[in-house]
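**Q** Protein sequences appear in the order of chains F and A.
In this text, residue positions in the first sequence follow our numbering: the first is 1, and each later residue adds one.
In this text, residue positions in the second sequence follow our numbering: the first is 344, and each later residue adds one.
Honestly, I wouldn't trust all of these hints.
[Stated by the list, open to error] The following label-pair restraints were derived from C-beta to C-beta distances:
1) A:L554 / F:A137: 52 to 60 Å
2) F:R197 / A:R451: 29 to 37 Å
3) F:T46 / A:S408: 53 to 61 Å
4) A:V431 / F:P25: 52 to 60 Å
5) A:L617 / F:A58: 40 to 48 Å
6) A:P439 / F:R191: 37 to 45 Å
7) A:P380 / F:G91: 27 to 35 Å
[Said to hold, decoys possible] Okay, derived cross-link-like pairs now, EDC-like style, lysine to aspartate or glutamate, Cα gap no bigger than 16 Å in a straight line:
8) F:K318 / F:E110
9) A:K599 / F:E62
10) F:K239 / F:E143
11) F:K66 / F:E55
12) F:K239 / F:E138
13) F:K304 / F:D209
14) A:K599 / F:E143
15) A:K599 / F:D237
16) F:K318 / F:E177
[Unchecked claim] Facing chain A, according to a computed beta carbon distance under 10 Å, are these residues of chain F, among others:
17) A58
18) L68
19) T72
20) Y82
21) E177
22) L179
23) L200
24) D219
25) K340
Source of the hints: derived by calculation from the structure; they are not laboratory data.
Model, not experiment: these values are computed from the prediction.
Note that the Cβ used here is the ideal one computed from N, Cα and C, for glycine as well.
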Amino acid sequence: MRLVLAAVLFACLPVAACTRREPAPELQLFAWSEYVPDEVVDGFTTETGIRVNRETFASNEEMLAKLLSGATHYDVVQPSDYTAEALAREGMLRPIDWSKVPGLRNLAPEFLHLPHDPDQKYTLPWMGGTVGIVVNAERVSPETVRSYADVFRGEHRGRIAVVDDPREIVSWALATEGLPINRIDASSLARVEPLLRAWLPQVRVFDSDSPKTALLDGDVDLGIVWSGEGALLLDEDPKFRWVQPAAGAHRFVDTLAIPVDAPNPEAAHRFLAYVLRPEVSARISAAYPYTNPNLAARRLLSAKQLANPASYPPQEAKLEFFRDIGAAAVLVDRAIARLKAGL
Amino acid sequence: MLPAAGVGPGVTRRPGVAARLLILPLVAWAGAFVVLPTAILVVYAFGRRGTLGGVEPGFGLDAWSRVLDPTVRVVLARSLAWAALATVACLVLAWPVAWTIARAHPRRRTLLLALVVVPFWTSFLIRTYAWVTILKGEGLLNGALLAAGIVAAPIEMLYTPGAVLVGLVHTFLPFAILPLYAAIEALDPALFEAAADLGAGPVRTLREVVLPLTRPGIEAAALLIFVPALGLYAVNDILGGGRVDMIGNLIADQFKGAARDWPFGAALSVTLLLAFALAWRLAGRGRSLAAGLDR
């Protein structure tokens, strides 16, 4: 009996030694607070055994601040397009080894080789989206609202919700004036100032976190919001309609990228490959109905999901990306702050 | 009271070695978490804006020239006014509550104080969001008013300055009640008898006896409310619809907005700190503190 016990204990030694020597592999994920479903992360861990430590941020600048501080080294980060552009330019991103990420061919061509990453070297498109107008059809007739100018015509004063993003708001004024939305300088800002001065006092709620709340509560009748929020509203209640602004809108792509100092780039590549799988990507779409770049995943979506005009806008819609504008961002912030202060 | 050799009033005391050692952890903590970060802020305020945020090495006064913007002046004035309004509202509302608790039976006093403090156990953010549920168009308050037939249509209460004031007062009321309670509770009941004996009515007693004697408590309460209320912008964002900027919004935008102008944010923060120091000095706190140290 004692011999059997000893044999069993002896057999356990190698296992014990292994677990003592090698800690479980980990992936440091740094993502938006509401963008990566728990089931995707859990599924990844279950399949690969790699534990995922997830940290979240609520804005690109928050992510940049943490990355710059160097306090934590992340394996995968989730920058928006213009932020990824800036990061790549500063040499902070590691080129992706596409041989380890075969699912790239699933992606729609309009999401690849975009201005922020023309060689598709540093980023993997995660989800795309736009900004558009949501109308509560019970209070406002959708036919009367075709573009930004219609929203701010005056009859909806005090019943409007918009995202609290100065650059976004300025882009609507630029589009209405027929100017390129990336031409940010003193003269273009001066040209749109009268518009903004007329528009801003008409807004009841500035909310970037959850603009759909005010719309659902009925405290506002229409809003200019992210397409994902719009899609959720349309799913929630058929009284909401989505209007793609005729003057043009901001199109964005959020991406996954690997920082240059990633401690576990192997795990990072495996995560990228994992999220490109059609069934995994479909789960992301189910939770966050933005525009899914993964064509193989789109085939798994329901007709209702694909018919949502906020998630999948018509091809002919006039859409433009934000580019990194460097120090001109200060001009935008200054202009909106001045207008909000009533000056 | 610092432990030291030599006792009795009028005798000049100097803190002994034991006293200094006991204070050392507090000094170290204050140094590491208050003095050092403030020093870093000051250094940042004289730096240059980095491309990705952060501060680039090099001396620059750009941030300070932005502080002189008329926008900053308007926003700062507005924030000061709001903080002052919230402070006054809190003090006025807290006074009857503090009075009642202080004059209550000792056993009930504990219960009443617990009722004041228990809301602290809930996150401040959740309490603020709760006001959204109460004040919104389809919210609890409007529902009650409509059901009772008091109004025919919902009142627009949310996303107004009034809602912001309600949120601020709700957040800071316990900070007013507790110091006021402590000050009132310390009053000798004999004083009231003496005032009555000398022919003073309740109003005159309040004005000429109670208020002057509880002034340190009132000042403490006012500082406890005014200082944090000045920087607080979450209530303004959630209950006010983010329509107007407070100084807290301006500062936060530099760090979490697309502007990425850390030196400007740091300069604004240092300006705010200097404003506090000035207000503190003017309020006479510095004077009484200096007098206390000399005693």
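**Q** Taking the hints in turn, state whether each one holds.
**A** Against the structure, the hints come out as follows:
1. A:L554 / F:A137: 52 to 60 Å: holds, 59 Å
2. F:R197 / A:R451: 29 to 37 Å: violated, 57 Å
3. F:T46 / A:S408: 53 to 61 Å: For T46 (chain F) and S408 (chain A) the Cβ distance comes to about 56 Å; the hint holds.
4. A:V431 / F:P25: 52 to 60 Å: Holds: the Cβ-Cβ distance is about 59 Å, inside 52 to 60 Å.
5. A:L617 / F:A58: 40 to 48 Å: Between L617 (chain A) and A58 (chain F), where Cβ atoms are some 30 Å apart, the hint is violated.
6. A:P439 / F:R191: 37 to 45 Å: Violated, since P439 (chain A) and R191 (chain F) (Cβ atoms, about 56 Å apart) do not stay within the stated range.
7. A:P380 / F:G91: 27 to 35 Å: Once the Cβ atoms are compared, 29 Å apart, the range 27 to 35 Å for G91 (chain F) and P380 (chain A) holds.
8. F:K318 / F:E110: holds, 14 Å
9. A:K599 / F:E62: holds, 5 Å
10. F:K239 / F:E143: Status holds; Cα separation ~14 Å.
11. F:K66 / F:E55: holds, 11 Å
12. F:K239 / F:E138: Holds, at about 6 Å.
13. F:K304 / F:D209: violated, 25 Å
14. A:K599 / F:E143: violated, 37 Å
15. A:K599 / F:D237: Given that 16 Å is the threshold and the Cα spacing comes to 33 Å, the pair is violated.
16. F:K318 / F:E177: holds, 14 Å
17. A58: Where the cut-off is 10 Å and the nearest Cβ of chain A is about 7 Å from A58 (chain F), the hint holds.
18. L68: With a closest approach of 5 Å, the L68 (chain F) hint holds.
19. T72: Hint on T72 (chain F): violated, closest Cβ of chain A at ~16 Å, above 10 Å.
20. Y82: This hint holds: Y82 (chain F) lies near chain A, its Cβ roughly 9 Å from the closest one there, short of 10 Å.
21. E177: violated, 20 Å
22. L179: Status violated, d = 18 Å.
23. L200: Where the cut-off is 10 Å and the nearest Cβ of chain A is about 8 Å from L200 (chain F), the hint holds.
24. D219: With a closest approach of 5 Å, the D219 (chain F) hint holds.
25. K340: This interface hint holds because 5 Å falls under the 10 Å limit.
The structure fails to meet hints 2, 5, 6, 13, 14, 15, 19, 21 and 22 from the earlier list, while all remaining hints are met.
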